[in-house]
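Line order of the protein sequences matches chains A and B.
So the first sequence is numbered by this note's numbering: it starts at 1 and just counts up by one.
So the second sequence is numbered by this note's numbering: it starts at 1 and just counts up by one.
Hints in this document: simulated from the structure, not taken from any laboratory.
C-beta: ideal position from N, C-alpha, C; glycine also.
Incorrect hints may have been included.
Result set (DSS-like, lysine-lysine): computed pairs, CA atoms no more than 25 Å apart in a straight line [claimed, not checked]:
#	chain 1	residue 1	chain 2	residue 2
1	B	K74	A	K168
2	A	K140	B	K112
3	A	K140	B	K64
4	A	K188	B	K64
5	B	K64	A	K168
6	A	K168	B	K89
7	A	K322	A	K300
8	B	K40	A	K140
Some but not every residue of chain A turned toward chain B, in silico, with C-beta under 8 Å [to be verified]:
#	residue
9	V126
10	A128
11	T147
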Amino acid sequence: MAGFGAPRWRFLWRCAASPLALRRPGRALLWSRGYGQDAGSEANKKKSDVTKPCFMDELVQSLLSKMTGLDLQKVFRPIKQELKPPTYKLMTEKQLAEATRKAIEEAKELLKMPPVLSEREPIDDVLAEDRILEGTETIKYVFTDTTYSTPHRERFIVVREPSGVLRKASWEERDRMIQVYFPREGRKLVPPPIFKDENLKTVFREDRHEEVLNLCIAQFEPDSADYIRVHHQTYEDIDKHAKYDLLRSTRHFGGMVWYLVNRKKTDGLLIDMIQRNLIDDATCLINLYHMLHPDCQSAKEVKEEDAYGVDLIKVFMKTESKKVGYIELALQAYQEALASSAAL
Amino acid sequence: MVHLAHLLMKNYHGGHVAVQLALGGCANRPFFRIVAAYNKRARDSKYLEQVGCYDPLPNSHNEKLVGLNIERIKHWIGCGAHVTKPVEKLLGLSGFFPLHPMMITNAERLRKRRALKAKTASEEETPGDQ
Chain A
1 MAGFGAPRWR
11 FLWRCAASPL
21 ALRRPGRALL
31 WSRGYGQDAG
41 SEANKKKSDV
51 TKPCFMDELV
61 QSLLSKMTGL
71 DLQKVFRPIK
81 QELKPPTYKL
91 MTEKQLAEAT
101 RKAIEEAKEL
111 LKMPPVLSER
121 EPIDDVLAED
131 RILEGTETIK
141 YVFTDTTYST
151 PHRERFIVVR
161 EPSGVLRKAS
171 WEERDRMIQV
181 YFPREGRKLV
191 PPPIFKDENL
201 KTVFREDRHE
211 EVLNLCIAQF
221 EPDSADYIRV
231 HHQTYEDIDK
241 HAKYDLLRST
251 RHFGGMVWYL
261 VNRKKTDGLL
271 IDMIQRNLID
281 DATCLINLYH
291 MLHPDCQSAK
301 EVKEEDAYGV
311 DLIKVFMKTE
321 SKKVGYIELA
331 LQAYQEALAS
341 SAAL
Chain B
1 MVHLAHLLMK
11 NYHGGHVAVQ
21 LALGGCANRP
31 FFRIVAAYNK
41 RARDSKYLEQ
51 VGCYDPLPNS
61 HNEKLVGLNI
71 ERIKHWIGCG
81 AHVTKPVEKL
91 LGLSGFFPLH
101 PMMITNAERL
111 RKRRALKAKT
121 ASEEETPGDQ
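Please model the complete structure; the sequences and the hints are all you need to start from.
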């Protein structure tokens, strides 16, 4: 049942009825109970700058999806699912092209980026104070409105404390109650211990960042503190060990790039891109950087000079980056490789 | 075609619909369903519609969970259903109804009893000291 009321920003996920839905663990059903808040306004209110681009802008999304790439082999790699023998089809060239086109469309759906929201404000709203009831109870009552057609964000969940105070439930209580009465696939009542810091370190050592991020998306709401903490720790670890390729053709790449560009930690990613000969991606990255930080020196220089490709990277390298030496070396190696391949 | 089905169905004389608690669960583990049912029917038997649930045993977070389908409760009350005392008390605690007067009365009685007990305890001590 679709949510009613004023137009609200809805994040659409793949329908569970499709056969490919079995692929990803914890893939959500069609989210008709969408988010009541506008992601753009959140970012704007936080930065107090109306013209600042937010994560969901079309231009930003196009740049991020270009950088994410579309490696069909990685997107549709074998995943733990029901065991059945492989099917082989005999196709003409035209049918193969058609099948590849359909596969690319499905891959684009799978690569839709999960939302990046700022942390939610804690709820502390008292609805009634009935001190008369103090001392009659030792247990608190949690009342949940289980009307099927209300969106989860607008559901009434109130708590009557033993002191007689009737207050709105906190975000953790809300998440728990909604999971009790409207259980979602892949979400547990108690978050699994993988999200604790010590266990995250073990998982990162085994290079299973993507799995952790998928589990995190299934378990937590995008604006909860745990979701943001796990994502930030994953991105930090990837940046520290330069494991950018792990997320390259997944839906988490955009979020990672957004995080790094906002904190101006783009050097490692730039070096990785140049080493893999992805100069277009590098230019996309620098364009995104200039969009988000329009007052930095390299943005102004680029506006004056209007540089492209390798020159853009050189300008950026001289003004903004901290690992100038490494980027220079990588660029030199790339240009030598280009020259030798051209000579051949 | 002769229509006789409505004559075979149960007819209640002077009955009404009530929003009440139907007990379920197992031994030493009660669980209530908040249910709109005919007044004359047995407590746990066929109901018109389930409209909520109430778990009287507290969970690991020291909470008693109550689920209420407010939209349907409003519909049944709008249709003229009565509400039994325990459900009224629960709805009063939730804030949907005003607080039930017996809850306030019981709270005041409990307070007076405790004050009296404390007073007699302190009076017993002081003569004992002397």
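Okay, the hints, checked on the actual structure:
Our distance criterion of 25 Å between C-alpha atoms is met by B/K74 and A/K168, whose separation comes to about 21 Å. Note on A/K140 and B/K112: the hinted pairing holds, with a Cα-Cα distance of about 23 Å set against a maximum of 25 Å. Of the supplied pair hints, the one linking A/K140 and B/K64 holds, its CA atoms being roughly 6 Å apart against a limit of 25 Å. For the suggested pair A/K188 and B/K64, the alpha carbons sit about 20 Å apart, so the restraint of at most 25 Å is met.
With a CA separation close to 15 Å, the supplied pair B/K64 and A/K168 stays within the 25 Å bound. The suggested pairing of A/K168 with B/K89 holds, with an alpha-carbon distance near 19 Å, which does not exceed 25 Å. Restraint check for A/K322 and A/K300: satisfied, since their Cα atoms lie roughly 18 Å apart, inside the 25 Å limit. Restraint check: the Cα-Cα separation between B/K40 and A/K140 comes to about 33 Å, which exceeds 25 Å; the hinted pair is violated.
Evaluation of the A/V126 hint against chain B yields a violated restraint, the C-beta minimum of about 11 Å exceeding 8 Å. Given the 8 Å rule on beta carbons, the hint for A/A128 holds: about 6 Å separates it from the nearest Cβ of chain B. Satisfaction of the interface hint for A/T147 is found here, the shortest Cβ-Cβ separation to chain B being roughly 4 Å, below the 8 Å cut-off.
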